[in-house]
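Colleague: Quick note, the sequences are listed as chains V and G, same order.
Residues 722 to 1316 in our numbering are what the first sequence spells out, letter by letter.
Residues 722 to 1316 in our numbering are what the second sequence spells out, letter by letter.
Derived by calculation from the structure, the hints in this document are not laboratory data.
Treat the hints with care, since some could be wrong.
Repeated chains share a single entry, so a pair holds when one copy, or any two copies, can fit it.
[To be verified] Computed cross-link-like contacts, BS3-like style, restricted to lysine-lysine with a CA-CA straight-line distance of at most 27 Å: (1) Lys990 to Lys909; (2) Lys1253 to Lys886; (3) Lys1208 to Lys990; (4) Lys852 to Lys886; (5) Lys1253 to Lys852; (6) Lys852 to Lys990; (7) Lys824 to Lys1253; (8) Lys946 to Lys824; (9) Lys909 to Lys824.
Number of protein chains: 2
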Amino acid sequence: MSFQSFEPPATSSDDIRGRVAALRARFAGLGVDGVVIPHEDEYQSEYLPASEERLAFITGFTGSAGRAIVLNDRALFATDGRYTLQLERQVPGDLFHRVSEEKAARAWEEENLPGVRLGVDPRLHTRADLKRLGEIEGLTIVRLDGHPVDDVWTDRPAPPRGRVKAHPMALAGQSPAEKLAAVRAATKGDAVLVTASDAVSWLFNWRGADVAHTPLVLARAIVPKEGEAVVFVDPEKLPNDLAGELAGLARIAAPATFLSALEELAAGKRVVADPARSPDAALAAIEARGTLVEGVDPTMRLKAEKNAAEIAGVRAAHVRDGVAVTRFLAWFDDHAVGSTEIGLAERLEAFRREAGALDLSFDTIAGSGPNGAIVHYRVDRSTDRRVEAGDPVLLDSGAQYADGTTDVTRTMVAGTATDDFRVQFTRVLKGNIALARQRFPEGAMGAELDPLARAALWRAGHDYAHGTGHGIGAYLAVHEGPQGISKRGREPLATGMLVSNEPGDYRAGEWGIRIETVLLVREPRVPPGGLKPMHWFETLTLVPIDTRLVIPTLLTPDEIGWLDSYHARVHGALVGDLDAAERAWLATRCRPIGG
Amino acid sequence: MSFQSFEPPATSSDDIRGRVAALRARFAGLGVDGVVIPHEDEYQSEYLPASEERLAFITGFTGSAGRAIVLNDRALFATDGRYTLQLERQVPGDLFHRVSEEKAARAWEEENLPGVRLGVDPRLHTRADLKRLGEIEGLTIVRLDGHPVDDVWTDRPAPPRGRVKAHPMALAGQSPAEKLAAVRAATKGDAVLVTASDAVSWLFNWRGADVAHTPLVLARAIVPKEGEAVVFVDPEKLPNDLAGELAGLARIAAPATFLSALEELAAGKRVVADPARSPDAALAAIEARGTLVEGVDPTMRLKAEKNAAEIAGVRAAHVRDGVAVTRFLAWFDDHAVGSTEIGLAERLEAFRREAGALDLSFDTIAGSGPNGAIVHYRVDRSTDRRVEAGDPVLLDSGAQYADGTTDVTRTMVAGTATDDFRVQFTRVLKGNIALARQRFPEGAMGAELDPLARAALWRAGHDYAHGTGHGIGAYLAVHEGPQGISKRGREPLATGMLVSNEPGDYRAGEWGIRIETVLLVREPRVPPGGLKPMHWFETLTLVPIDTRLVIPTLLTPDEIGWLDSYHARVHGALVGDLDAAERAWLATRCRPIGG
Chain V
722 MSFQSFEPPA TSSDDIRGRV AALRARFAGL GVDGVVIPHE DEYQSEYLPA
772 SEERLAFITG FTGSAGRAIV LNDRALFATD GRYTLQLERQ VPGDLFHRVS
822 EEKAARAWEE ENLPGVRLGV DPRLHTRADL KRLGEIEGLT IVRLDGHPVD
872 DVWTDRPAPP RGRVKAHPMA LAGQSPAEKL AAVRAATKGD AVLVTASDAV
922 SWLFNWRGAD VAHTPLVLAR AIVPKEGEAV VFVDPEKLPN DLAGELAGLA
972 RIAAPATFLS ALEELAAGKR VVADPARSPD AALAAIEARG TLVEGVDPTM
1022 RLKAEKNAAE IAGVRAAHVR DGVAVTRFLA WFDDHAVGST EIGLAERLEA
1072 FRREAGALDL SFDTIAGSGP NGAIVHYRVD RSTDRRVEAG DPVLLDSGAQ
1122 YADGTTDVTR TMVAGTATDD FRVQFTRVLK GNIALARQRF PEGAMGAELD
1172 PLARAALWRA GHDYAHGTGH GIGAYLAVHE GPQGISKRGR EPLATGMLVS
1222 NEPGDYRAGE WGIRIETVLL VREPRVPPGG LKPMHWFETL TLVPIDTRLV
1272 IPTLLTPDEI GWLDSYHARV HGALVGDLDA AERAWLATRC RPIGG
Chain G
722 MSFQSFEPPA TSSDDIRGRV AALRARFAGL GVDGVVIPHE DEYQSEYLPA
772 SEERLAFITG FTGSAGRAIV LNDRALFATD GRYTLQLERQ VPGDLFHRVS
822 EEKAARAWEE ENLPGVRLGV DPRLHTRADL KRLGEIEGLT IVRLDGHPVD
872 DVWTDRPAPP RGRVKAHPMA LAGQSPAEKL AAVRAATKGD AVLVTASDAV
922 SWLFNWRGAD VAHTPLVLAR AIVPKEGEAV VFVDPEKLPN DLAGELAGLA
972 RIAAPATFLS ALEELAAGKR VVADPARSPD AALAAIEARG TLVEGVDPTM
1022 RLKAEKNAAE IAGVRAAHVR DGVAVTRFLA WFDDHAVGST EIGLAERLEA
1072 FRREAGALDL SFDTIAGSGP NGAIVHYRVD RSTDRRVEAG DPVLLDSGAQ
1122 YADGTTDVTR TMVAGTATDD FRVQFTRVLK GNIALARQRF PEGAMGAELD
1172 PLARAALWRA GHDYAHGTGH GIGAYLAVHE GPQGISKRGR EPLATGMLVS
1222 NEPGDYRAGE WGIRIETVLL VREPRVPPGG LKPMHWFETL TLVPIDTRLV
1272 IPTLLTPDEI GWLDSYHARV HGALVGDLDA AERAWLATRC RPIGG
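Taking the hints into account, I'd like the entire structure generated from these sequences.
Modeller: Have a look at this one:
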């Protein structure tokens, strides 16, 4: 069985109409005029098991972020700029007012929610989310017991029971005991609530199989300053030896007991929880008999700042992944025309399996021609497109290896590119290089780096409606917090963090360009002739960037220098693992462009 | 009488010791263990009349931002990175723990304030400020009636009574009636509280003489959605004709009645006030009998987005100021060596008076050699320094003209610069050019532009401990909100806003470099070949940048192109107002450097 399925979603707009009607029929009984259907589940996770795909069930939308608000006679569907085109294809416009900008969503809410009693499931929303909603004047938020979608979802799949396996110490670099000690040392209070599943998985060196492409274990934990931690996870998922290793460190509790156990454990205690990441219901459970200390969960940053063992693993994974993607690119040059998007994705997956991949890290985005303009395009048999000569192809993909998670985007052209396309490609490349070679002081936030990748595009009157980069786990979630390089990235970058670097440019109906590499934040050092220590980036991704698409005169000598030395590194790292034909291809593709 | 006084502050450290002791002697009677002395007055203003210089009275510090916390046996003095060197000279280190970084200030507070009953004057603090302080665990905030410094300040000057004059319609571009209508249209509530004096001055087209160098009228206002506004301003300041013009628009009330009148006016009403800009005491007065609606004061953005008449005035003022500064620079080349910093400031002021300046817009910063490294250096007779051959000189100055406010920094060398200095100068220039030629989409915040001016410095291991730019008024405050280009600049830039562009580099004990111009945010337009409309900057400042200090090979062709075309504009704008010798000098200094 392949890692990725290409079956189209089976939901028709008639299905959706029926489901929305069934949902509305329940409003009166619940005493509400409408309900919110968030994308997130009770783990506040982007990565959902099938049992939690409430938003897809009600709207047809299969992207990774969004929300719906269904009222008696109207409804909103809101997502972000990555999904502008997808939402038009999937979400029926006669049922939903569809927007892909937060400002537009807010305008709809302010217009339509005053006077409304709006039902929410407080397990599925962070408190920050409900607070934002509560600021709409005249809106009454009604906290429901469970989500009404579940009552109309008659064939709802069972919750997942992915088997938990150990992430070995050689790759994790730290034992759960050491990690728990670090979390405790950073906790200002009697206990801290850890609600992100990837954070719990990191904390106990667990990997799981609850959701597609992301080896996290759906779980939550409470870490007291002293004494055993409590992990809320289905005990059936846990092999005996792993359960045994927890002795003295933590005890297991059933997920269904989470809120009641939290209330009991928090009684008379000061418990740290993050209103921006933890469910409102959990915060209420703390407040019932204890004191809520609003603060960040220290596990998030500890997880994000990779240690030496994790970095070694991730570097090794990037070499293997670089070999797989490079072999694919060599193949692409001869075989792209006449292939289809699914054909490309399948061939790439085959190379990755040979390189030892355990899974993809997300469904491959293989967008040819106009499909490339759909930022998060997910090809299926109903949209599959034959690649014609001259077509640009945007390929955004990644894999899970036992020692690391990868995420790389390359944009190619099947045949010869137009000069216009090469100009745009070069501008996107300028953005990627600007970020890759930037140094920055300690404490700099992602929001301060984001514009550096956009500056060349902004000057030319272009922009991309997505962030420049996200955090990445080590054999864990391909999107991880808390760091991010975007307008909203308020978290200081720190040594050992991984972030993607993926500026792009999209022309609706024609093509998309994106160039993505994974960066490792390196320890501050004083540059030659400088005064202050500065962080710098090591580009971990090792895959050639197609210089046939570059107009060298649009690059500065420094930019050309960066590109040439990057290709020298790529060549050196990969050449030993390729066959003769691939080696010849790589040598050509890594040739310096600066005299 | 000259605009600027060069007398050194008369406060000795013995004075300070006595004042701190007298202040401490009052703590027991007030039932507190300490008090906060903020820089701001009850107008939350950076610009203080002598009667409000509490912080200078207690600490000796004469800079424009800071705070002290005096406890029984210890004290904190905190300011920002612009004043790192100045605080060491002015604030006695044996009395105060002195810091110039917010992180260090916070650490002191968290260490020393638990268990303390800390007195504050709620007229002098915004609510956001007190909230931040209140987050320190175990600290009790005691709201006092007035500030205890006033009780020990026996020779405190009387409050100012600067005469109010009208800012003519030809320059204001809008009548108070039109402005009030715009404020009302943007107000979500029954009334809005306007607490910034420059905003009130803008609203009623008033200019005053309450504080040095800034023609604002110390005043506050309440603007109801319907009916007359109320302006709290000393009626003695107001000529009869101006008072008459208010008929039907607003009525005058005495400043001392502000809190009681606010409480009465707010009774049963929903009043908008900004917790980040308005005093805690005012918010409490609203809450006493009415409803506080937390929100921004719309006057701030309306004032910041200059209209066509204001822009025309500001442009004209920049031409006159450019002539004055350029004449000074020509003089500097022949006369700097052997002159002193005060001599330079006096000569520059003389040129500005000839150009029609009504005042300086702030005390001229003329820092030669090591004094240039003091970001906000204010020369006086005790620090005045003779300029020697080879000395770098940082000159940051501005003036008030009837039609506009200027602010310009140029860095020169008296004689020949070292190559090392030229390298640093060129890097700072790269930052200034990067911002000046950047385009950006609607909605971009100052925080997104700030790093563009730092990128070249960061790459070289340099940085500056201040923001890149501040807002600027039109014949009003040289620092105005809400916009700013800094890490904290969360306000979207909009057409008509003025911001400074002033990257720098400082080597303690040696020199400072800063290059500052004023930028006007221009309306979005689609660049040639682009897709999206983008804002762009018009550089208003018209003063040559010394190309003898530039290493052209460190600039890209685009940067050289910008510099050469800037100098062509400068030459064209100024040449008609110079004498023959100055014209020859200007022609040489505006020669293109790019072949």
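Colleague: Indicate, hint by hint, whether the structure satisfies it.
Modeller: A quick look at each hint next to the structure:
| no. | hint | result |
| --- | --- | --- |
| 1 | Lys990 to Lys909 | within (12 Å within a copy, 41 Å between copies) |
| 2 | Lys1253 to Lys886 | neither (44 Å within a copy, 49 Å between copies) |
| 3 | Lys1208 to Lys990 | neither (36 Å within a copy, 36 Å between copies) |
| 4 | Lys852 to Lys886 | neither (38 Å within a copy, 46 Å between copies) |
| 5 | Lys1253 to Lys852 | neither (41 Å within a copy, 34 Å between copies) |
| 6 | Lys852 to Lys990 | both (24 Å within a copy, 24 Å between copies) |
| 7 | Lys824 to Lys1253 | between (40 Å within a copy, 18 Å between copies) |
| 8 | Lys946 to Lys824 | between (41 Å within a copy, 26 Å between copies) |
| 9 | Lys909 to Lys824 | between (36 Å within a copy, 18 Å between copies) |
In the structure shown, a violation is registered for the earlier hints numbered 2, 3, 4 and 5, in ascending order.
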